[in-house]
Amino acid sequence: MNVTDNNNPQSAIRNPQSLEILLLALADDEFILGVRNSEWTGIAPMLEEDVAFSSMAQDEIGHARLFYQMLAELTGGDADKIAYGRQPGEYLSCQLMERPRGDWAYSVVRQFLYDTADYVRLEALARCSYEPLANATQKIVREEKYHLMHGDTWLHRLATQSDTSREHLVAALAALWPDALGVWEPLEGEEQLVAEGILPASFEALRSEWLEQVAPHFYNLDLEFPAKKDERSGLYVSTVEAVYGGRRGTHTEDFTALWEEMTSVYRLDPEAEW
Amino acid sequence: MPIFEVFQQTREGHAFTHGGQVVAPDAEMALLYAREFYGRRQESHRLWVVPREAIVEINDPDLLHPPAVDRSYRNSNGYSVRDRLRATRGAVAGSVQPD
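Each protein sequence line maps, in turn, to chains A and B.
Just so we're aligned, residue 1 is where the first sequence starts under my numbering, counting upward by one.
Just so we're aligned, residue 1 is where the second sequence starts under my numbering, counting upward by one.
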């Protein structure tokens with residue numbers, strides 16, 4: 001069902017509540033991960049990587065900005081206010097993003113798991129019936145190609161370079177996996193979004209697609225893959241339980257600390273003109 | 001860590017120019033960083049990444065800037081062939097064998 005009116009994009013929104021939730025989840029994922037990864041600026045393992053990883057963090061914040069602007073137009077609000085002016089419980093990013101940066105393996109593997117999931121999500125949203133979102137994701141997905149190349153390269157490197165690097169990789173994957181599944185925590189109002197074609201497939205179906213896409217990375221590197229295909233439904237399901245909560249605004253103490261720092265300048269004077 | 005030289009082509013068919021270097025453990029990572037440093041702002045159509053050690057160099061001034069001795073005798077522009085050329089053409093046109 002196509003609910004888009006080309007002359008007036010706002011007329012496509014039958015249930016602004018659920019579209020807003022989707023946009024917030026997308027924006028907050030990108031924003032929080034971008035902020036976290038920017039912590040590597042100046043301390044990455046080598047200069048070239050420092051620039052590359054910082055630039056990728058900036059890409060994520062750039063994508064967040066697109067989604068916040070879309071939300072601002074939709075609600076008549078202000079993008080900065082949406083980005084910085086909410087209380088911690090109003091952020092809908094999954095908990096994967098707020099975890100401290102850990103060691104280098106942890107951060108690059110988190111980026112890999114998120115980018116592969118984000119890619120599946122963006123490809124689906126390119127067919128979204130809400131046109132501004134469909135258009136934006138088509139642009140963003142092209143930028144993701146570099147991120148995937150970066151993640152693939154590092155995953156392979158960590159798995160094969162030395163026993164030590166492999167140990168770090170295995171530990172990172174074990175720690176990250178339940179959180180990474182949290183990307184696919186069902187959204188409030190998701191059924192409505194699917195029914196209206198705003199979300200072309202449920203997060204459950206997209207999670208299966210993601211698992212299918214990342215499986216070869218694990219098999220090729222002889223890493224234990226914590227998921228299997230359910231013969232009855234034909235869907236890939238994780239054999240490890242997911243960590244949920246972020247999509248409902250439930251966050252850890254790590255988020256509070258991050259939020260306090262991230263919004264500290266904004267909160268000095270929310271009305272300031274810079 | 002090895003140094004890689006990066007060459008950029010700005011448009012299809014254009015000559016490659018030297019962009020600069022990246023430091024990386026191997027060619028795969030070098031490509032990753034070359035894209036980041038020399039291709040992120042749509043400034044490149046194609047990049048070549050070459051290990052510096054693969055480049056053989058010549059920069060001996062005796063070879064590349066030979067001393068300015070008079071070598072004009074090697075160049076044909078020291079001779080005037082105009083008159084002989086004209087005579088030969090005339091001879092051919094008149095079916096007369098030149099001497």
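Calculated from the structure, these hints are not laboratory results.
Among the hints, a few may not be true.
To be verified - Keeping only pairs whose Cα atoms sit at most 20 Å apart, straight-line, the calculated EDC-like set for lysine to aspartate or glutamate is:
| id | chain 1 | residue 1 | chain 2 | residue 2 |
| --- | --- | --- | --- | --- |
| 1 | A | K139 | B | E28 |
| 2 | A | K81 | A | E271 |
| 3 | A | K145 | B | E28 |
Hint check results:
no.	hint	result
1	A:K139 to B:E28	violated, 26 Å
2	A:K81 to A:E271	holds, 9 Å
3	A:K145 to B:E28	holds, 16 Å
Violated hints amount to a single one, hint 1; each of the other numbered hints is respected by the structure.
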